[in-house]
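Student: Chain by chain, the residues:
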Amino acid sequence: MSVIGGLPYNTLVVAAGVAAVGCAAGVIGSLGVLRKRPLVGDAAAHATLVGVAGAFLLTGRRDLPLLLAGALCSALAALGVLVLLRRWSRTREDAATAIVLAVSFGLGIVTVSGITARGIPGGAGLEQFLLGHTAALTAGDAALLAAISAGVVAIVALALKEVTLVAFDAAFAAATGWPVALIDYALVMLVAVMVVVGLPAAGAVLVTALVVIPPVAARQWTDRVGTMLALSGSFGVLAALVGVAVSASVPRMATGPLVVLAAATIFAASFIMAPGRGWWARVRRQRAVEQAWTRGRLLSAAAEAAAADGGFSRRRLAEVAAVGTDAALRAFDAAFDALIRQSLISPAADHGGGVADRWRLTAVGQEAADERARRLSLWNDLIASAPAAARERLTIDLPDPQAVGVADGSGGRW
Amino acid sequence: MPGPMLEFHDVTVAYGRRPVLWNIDLAVDEPCLFGIIGPNGAGKSTMLKAALGLVPLAGGTIRFFGRPFSEVRGRIGYVPQRETVDWDFPVSVTDVVLMGTYAHLGWFRRPGPRERQLARDSLTRVGLDDVADRQIGRLSGGQQQRVFLARALAQQADIYVLDEPMAGVDAGSQEQIFRVLSDLRDAGRLVVVVHHDLRTAADWFDRVALVDMRLVASGPTAAVLTPENLRRTYAGRLDVLDELGRAVARGERTS
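Quick note, the sequences are listed as chains P and R, same order. Mind the numbering: the first sequence is residues 0 to 413 in numbering that gives the first Met the number 0, read in order. Mind the numbering: the second sequence is residues 0 to 254 in numbering that gives the first Met the number 0, read in order.
If you're looking for bench data, these hints aren't it; they were derived computationally from the structure. Mixed in with the good hints there might be a few duds.
[Unchecked claim] Listing some non-contacts, in silico: residues in chain R with all C-beta distances to chain P over 12 Å: (1) Gly40; (2) Arg184; (3) Gly187.
[Unchecked claim] If we take Cβ atoms under 10 Å as the criterion, some of the chain R residues that face chain P in the derived model are: (4) Trp21; (5) Leu25; (6) Val78; (7) Gln80; (8) Pro112; (9) Arg113.
These figures come from a predicted structure and were not determined experimentally. Ideal Cβ positions, reconstructed from N, Cα and C, are used throughout, including at glycine.
With the rest of the complex left out, here is chain R (with noise of 0.2 Å):
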């Protein structure tokens, strides 16, 4: 019994003395799309980073098939923020997609011809054929999400963890990205993406997590984009009420 695909348990984070995430407890045991969903600050990003072990634990194991992620590296598959790299670096499109076989290569081995025929079958998933020799830097906002997209491919994995890969993307390539996740979980993987906006959630996710801190509410969507929910996340932040009476309309539709 390995186990579920993604497990927290009691996981805390503090940077310095200040938690940012609280106790939170989460198990997700099927393939879907799940959707960590949290006010600016809430501490999202840092969940994933503290899932792959980019930031320390003050307690708590994060688990993936019941084994650290230090044991499954290899089936975790990593889409960072956009605005964490400088597009301006002298590598192309192909360069970048290739990085995602490093893993698997290991020290010194140069990409061949099976990893260079994986980068472009990773591009041509997300659409981006006619741009591979192209330096990063020429790309607009939503094709460098979708590099970065395309590099996570790339890796083979069975886990997707995507950071905001919608944010500052224009309409077009937020379908694309959105049609290609769903692929993936078709195709049984599990796919955890964070993400800012709520008039979008109740449409892309199949599950999501209210997080601010600690976590709210957690399970199929309906069920727990629900106005109590919403309003124990986001309460006293004025500016998005607006918002929040926009998913709540949408939530009880759908429900």
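With the rest of the complex left out, here is chain P (with noise of 0.2 Å):
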């Protein structure tokens, strides 16, 4: 055997090609996931391994490309008994996917443990098929799931405006003439055959995850369709990666549960990390909005009490601008900071340093002071008149109502 930067030849190949497949079922996941059904892919999955189990007792042959087109016969039958349940039926959507997927997946146990049970010749590991275990690739099976990978990859780059406007908005495709139905099964195939192909890298069970996870991780860094599939497709790439180097460097570990968990962690930190819609940025946005609004009450309470004596106490101020809790008391203390950092407020001149505890507005604070009172009363006024506009206009940051062109208190106008 051949050796590449100290790893086995066929391991590169198998890695390559289960990284395409990632690639891929990342791409077309989320285009599932963007309508509105992650868990089509699912149904499909756990139906393959009847289709795996009935490909090899009806040859009795265990090549790969054999097993993965029953696998794609009984995913798509699974698919197709969900649509008709759903007509004839009338069952929720979820519910038909709940069965279907549970009822095949107990037919595929079934069959699966019969073939090993009753001892058929070659039948032994077939349950390889229920978590993945790339170990067992040859280079040429990893070559056809590379190819198909990238034939489904090249149907999305050629149809994705199709399928983008489906996905959003389904009832003005269907007005404007786009056969809606039919560009919804060619997903919906094209989400069976990568789950189909993604069986020997993920297995029945988990496969759907390689559809699910990095889209929805890709969803959190972008508010763009191409962006999302091009990232979820590297997020693919990746997690499929991480999982057939660490299943090829443990014996018998199986792949499936360990690219699941590499997605998971590309998830989690998507979740955390992403500008914009990540928790972190949640987090400090809103303490933004927080601080931003206390230091303008502080600046309005500080004036309020310097018009009264001249000046005034950061103690006293506090036991006015912030009521009781520890965070309010916290959030004012960085506010009152940031009101000297920002010379809105300084020391009072007759006392050196203010370490007597005595402050004053400076002249530009006390501009801001007035502007801020102004601006007040004009949205506490046109929340009054003209409720509708003040609210769609209206912002924590209290903008100029003029410049926001709210400004006449007509409600009208804008």
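Take each chain as given, in its own frame, and dock them per the hints.
Tutor: So this is what it looks like as structure tokens:
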């Protein structure tokens, strides 16, 4: 066996093949997720086992293309049953999916265990299709998987406009003459194909993760379909490669769970770190809103106190502006320090350094406070006189009503 | 002789065994702002969906310019209800407006400079230039509705069909939408609008049809919105009595 870079040639080819599968699954899965059908692939995946076992029983052979052809047949049959169930029995989509998934999987397990129990020659190892086992792949198998994956990606690239239209607004697509049902079936078909092709990598139980997790992770990072597809494909490649690498280095370790865990790690990282939609970004935005509002209220309270006796003390202001909770106090402190940094408030001149806790508004600070009071009163009037227009334009940072075009209070203009 | 711009002939539609539209006969033969008015569940939206081939007819025919919808699809612009799509979908305002050009483009061809220019023009007409690149979820309800209108404008149609374009929309957007629709009418287009708000109906539409499963009346707005017709349309619906009173007062004033 030839060796490149310390790795056997075969492992490299298999890794490349599985990476291609991960990519295509991520791409087509994105469209499935956008079409709000994330679970259809799962039903198809669980149905593949019967097909694998059936193909083996019929032919007595175990080459991968044959078994996958069987898997595709049973997956499509299951999807057909799903459509019929929905149409004829008025079962809800999620319930119908669960029924098809469970029944076809049960059937698959019975068939595979039957084959194993009766010791049919060559039947051992079929259960590898449950959880995936890339170590058993030949270079030829991997090339086949890669070729099919490339085909799926090519079809998506060609018909992206059509599929996006149907996924976004099926009624409009239908009204403008697109065959929505046909496009839907084609999409589901492609998902089924990728689920089948993904079997060696992830197995019937977990392969659905390949068409769902990378897309959802990718969605966190972008607001564009094209970017989402590209990212999702890349995440799929990454997850597949990690899975193959780890399972190749640990004997008898199934690939599927490793691929899924890798994908889950990417998902968790995306969920936490993605700018815009990510958890951390949301927390920071919320903080910024809280800070801006606290600063504004503090400024107003300071102006009020200063108007009364020329200056104010930080401690006294905290009692007025930050009521009760520790969080409110922390926000108050941060806001107070920010106002000092912005030179809106400064230590009163008659007490050096502010040690005596005596403060005053600077000229700029007084101006800012007056401006805030002016806007606040304008907005309060607007909320009373034209609630709809006010609701549309008002933001927490109190923009100038004139600048956003709702100033005359008539309600209709903007 | 091509026939009226829009014609319903004996149209009956049923969901399951329950009829939602009953023998509707209606013809509009000149450009106008045409309102389809009626209480909730009266089958107003179903009328549009039936006309666009989105729900099957139990009987009757619907024709545009004397021909079935499938032959004149390209001449009809459609604005669905705003709630029918997921606004979190990862597309920009421009992306959505470009969808109005897809039917002309046909399979697999991508929008080019011509289509982009058309999308820009459509956005200008509805006053949304400044948000062209924004993700559609980051718009107000009124702006979202105008995106849908711009998409229909990009269809460059002769007849525009709108499903509740004023629902949940602020006064400013309503006015802007109304202005665009009036311009279309003045340019010789027929604009058919499903509308639920009796109070504004008299101000906005040239002609209306009052619908409550059956067609109660249709014709010039002032002639149709009579106390008698409104009572027949909204019979037994106490919740609208107040609205009814106001609309009647307005109808009497305009007539």
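Student: If a hint holds in the structure, say so; if it doesn't, say that too.
Tutor: Hints, one by one, checked against the model:
1. Gly40: 19 Å, holds
2. Arg184: 21 Å, holds
3. Gly187: Correct as stated: the minimum Cβ-Cβ distance to chain P is 22 Å, above 12 Å.
4. Trp21: This hint is violated: Trp21(R) lies away from chain P, its Cβ roughly 24 Å from the closest one there, beyond 10 Å.
5. Leu25: Given a least distance of 19 Å, the restraint on Leu25(R) is violated.
6. Val78: 9 Å, holds
7. Gln80: 9 Å, holds
8. Pro112: Result: violated, 16 Å to nearest chain P Cβ.
9. Arg113: 15 Å, violated
In this structure, the earlier hints numbered 4, 5, 8 and 9 are contradicted, and the remaining ones agree with it.
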